[in-house]
Amino acid sequence: MASAAETQPFRSRRRRRFRERALTGSTPFLLIVPLLVVMATILGYPLYWLFRLSTQQYGLFQLIAHHGTSVGLKNFSSVLHDQVFWHTLVRTVVFTAVNVGLTMGLGLLIALLLTKLSAWVRVLLSSGLVLVWAMPVVVAVQVWYWMTNFQNGVLNYVLTQLHLGNFDQHDWYATTTSQLGMVTLLIVWGALPFVAITLYAGLAQVPRDLVEAAEVDGARPWRVFRDITLPILRPILLILTSLSIIWDFGVFTQPYLLIGQSKITPGNYLMSVYLWEEGYFKTDFGRGAAISILMLFIVALLSVAYVRRMVRIGREVA
Amino acid sequence: MKRAGWNAVGVAVFLVMVFPVFWMVSTAFKPDSQVISLTPTWIPLHPTLSHFTAALDKPYFWRDVLNSLIVVGVTVAASIVVALLAALALARYRFTGREVFIVLVIGIQMLPQIGLIIPLYVVLAQYHLVNTLTGVILTEMTFVLPFCVWTLRGFLVGLPKELEEAGLVDGSTRLGVFVKILLPLMAPGLVATSIFAFITVWNEYIFARLLLNDQRKQTLTIWLSYFSGTSRHTDWGALMAASTLTAIPVVVFFLLVQRKIAFGLTAGAVKA
Amino acid sequence: MKRRSIVALSVVAVLAAAVLTATSVAATTKATASSITVWLQVDAQSGWPGVVAAANQQFQSDHPGTSVNVQYQNWGDHLQKFDATLAGGNGPDVIEMGNTEMTKYMAAGAFADLSSFKGSFANSSNWLSGLAKSGAFNGKTYGVPYYAGSRVVTYRTDLFKAAGINKLPTTTAQFALDAKRLLAKNSTKGFSPVYIAGTDWYFAMSFVYDYGGSIAQQISGKWKGLLNTPRSIAGLNAYKSFFAAASRASKTTDETHPNPYDVYAQGQAASMVGPSWFSCCVGKKYTGTTAQFVMPGHVKGQSMPGFLGGSDLAVPVTSGNKALAADWIKDFTSTASEKALQAKGNIPNATNLLGNSVNERAASRSWFVPTAKHWVDVENGNILRNMLAQILTGKLTVKQAASSASDNIASVLNQP
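Which chain is which? The protein sequence lines are P, L and X, in order. Residues in the first sequence are numbered consecutively from 1, following this note's numbering. Residues in the second sequence are numbered consecutively from 1001, following this note's numbering. Residues in the third sequence are numbered consecutively from 2001, following this note's numbering.
Watch out, some of these pointers could steer you wrong.
Unchecked claim - With a cut-off of at most 30 Å between alpha-carbon atoms, the simulated DSSO-like pairs for lysine-lysine come out as follows:
1. 2284/X <-> 1058/L
2. 74/P <-> 2224/X
3. 2339/X <-> 1058/L
4. 2322/X <-> 2373/X
5. 1058/L <-> 2395/X
6. 2224/X <-> 1058/L
7. 2285/X <-> 2167/X
8. 2251/X <-> 2395/X
9. 2395/X <-> 1217/L
10. 2395/X <-> 74/P
11. 1002/L <-> 116/P
Hint data in this document are derived by calculation from the structure and do not stem from the laboratory. Since the structure is predicted, the reported quantities are computational estimates derived from the model, not experimental observations.
Work out the full structure, taking the sequences as your base and the hints as a guide.
Structure follows, in structure tokens:
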């Protein structure tokens, strides 16, 4: 039989281990509490409101009366049976793919370019990128419209001067493809600085000596990029891609303002414009809530592949 | 390719990207007739400051600058801290509900903001935070936090665990490891994230407009919106001048912190 | 284990608290008789701040101890803000609404009934019919006319003289002939004798009303689209031929892309049709040679009915200070106030105050949109704009385009 002296240290060791585990066990929770508090305070009610309203007939009249009539899933079924919804969805998915592809591709190229520049050019280019980033979206849309308008836009002038064709009085907003093309250019232009600078910051974390050692060994730049840089950059690339998908899918200000209310039709709707026009502009809040929730699920679906991969990366490391 | 070659490409990219900004600034100095002329005027030969004076004449400009600075300053500082804590939890710990938490955080980003306008107003009215800067700050934090958490986690995950373990072996506490080893390495990531937060909040309009009614409490983006909110004609020259003014603080902030990103390059070399 | 669940529980508690406290929504603002809130559009701040200040002064001398908090709004988002306050409180006591925006909100019960105060508003028995109609619903008064604006022709006196036009046109047909003369003398590409944007429905519908047609009418409770009646079609045909003779503008863009006054200031238009304030922005070069006249109709001696745009003032039903709000409106629409607005180029709200400016003469014959709950949906759905684009580009015949637009409008207006 063990003496009391022998069992004593064993119990206290167990208690200490339990305390340690409890501490490390609760540390992560303590770390995320501030975030949760802010989120819950601000978004708790809106989320509840969104879900509740999506099952109600809730227009202006009901808003003023603070009371809607329950209609079950009628809002959802009416949206899902709407041809416009499906056409808009397809259009938005294609639009998102093009935008994200261009943004990430060009962003990575610019980030790589930044690493190759002398200090003064680097500061010049990165300051220029920040200038672009700093421009308020509403102003950027206005400037973009000026540059591309058919009457006296710089774009038509320059293209004609460069003898790329006769673009005099060419209306870039005449067809849906052209309209969305202009919107794409504007959005990619506006999104590049953020992607480029964030990727550049990520590249800055690649240990210089590893790269140099590989180059000394005779590895070609592409191998170096693929085997050393890319793995380190992968988490950030995944994050930026998933964020870009989410943002480009739900983008509103640029298409709405650049195309303009008078030219917005179901034929050139993007999802958020559809949400705005069919829900909030018509003050059919119940329908708007239903569309918001559908958008949430669709975007979640589109980005699940990237989110999964990111979560998995975290799992390996932690 | 030689350095000079890359530099040339860099300058070319700069010119292409910056052109619309250049157009905005140049228009701010053009006399009215050149603003609407049929043939574009690249650089105004007779620049005028009248648009800038017209812009500064609009009521409450300096007050609104102060309000914007307060909102942005507090939001960015608080968001970085809160996000960093959460990012640490996600990147370095295993805990139940971790995956749910991640999905929740990224899910917030997926909500279409327009859909939240009315209920957000209702809840803030309940807390008596309508027409207060605090209400705007809390709202901004909510929308900026998910991105910050995500990005900071990405940077953290990219840092090799061996560094921390080496530090722990050396005898420092977990907190010590964090402050002495992780934080400096994360500098580029922190800077990039804070730049993003700064710009996003500085340019935020929808919720600031919704929540702030008193012109003395409004932010600069609302001040800017008055130029084009009228049913009469918009003074484009003044709008461009006003927009140029609102972009300046962001550029200043960036120039102050951009050196920190380069810092990371050398830090990586020293560490190993 | 325990700590984890404590943290988890507290998170749930915060969430629950947030939901519970927020579900009890306050319907009315706390009624403080110490101040009232007024929402005016930013047009007032930049255009006639003195008028606002004078009204505030008058109000405060009548109600010492109550201050007026004027908050300026943008046309683009003021309705979304208003919706939010209808749901969450802290809304204004007085709100400026565009006259086409009123019906929808009146039908939803957003405004307080001001019928009992009507007698106290200056000149209320002489209110301009176009504006008064926009503020009335089911026989009650919810909106007080604030100011109006009509459409006039702004023209280059030097170009007209050079083209030999010594007398201003008195019929649309004469104007079309004058346009030909202007075109002969000004042959630069893209030059418009009369700049009219293709989808400017405010101007196009004037032709419809000039010929006795209309957009829609409510017959025994149901809305019927009237654009495909013979008279309306005659008007649309008249518009089509006038456009062909007079305007080189794009057939598919609206009246803000580009702004007609920008085209005018570039020297690319001899005249343009639009609100009278267009004269502000014709450029330094042409300010001296610019004047205005009333757009003639197709019958000699009759002006073309102009769209009467304007604003009304209403008291939201959520306000706790209805009597004070009505009193402020009374001060802001007093005869002196309206005369001051008139001096700034606006049309005052009553016929006995009308002067002889071009803007006011143009308002003598006016038309207004159908006062239907869902009219804004017709506007936002660009039904009229699309119809005009189809007519002008020849995609559809006038009859086809008008018929489909008519059916469209009826179905939108007849929504529950």
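Status of the hints after comparison with the structure:
no.	hint	in the structure
1	2284/X <-> 1058/L	23 Å, holds
2	74/P <-> 2224/X	28 Å, holds
3	2339/X <-> 1058/L	26 Å, holds
4	2322/X <-> 2373/X	24 Å, holds
5	1058/L <-> 2395/X	47 Å, violated
6	2224/X <-> 1058/L	47 Å, violated
7	2285/X <-> 2167/X	24 Å, holds
8	2251/X <-> 2395/X	12 Å, holds
9	2395/X <-> 1217/L	52 Å, violated
10	2395/X <-> 74/P	37 Å, violated
11	1002/L <-> 116/P	9 Å, holds
Checked against the numbered hints given earlier, the structure breaks hints 5, 6, 9, 10 and satisfies all the rest.
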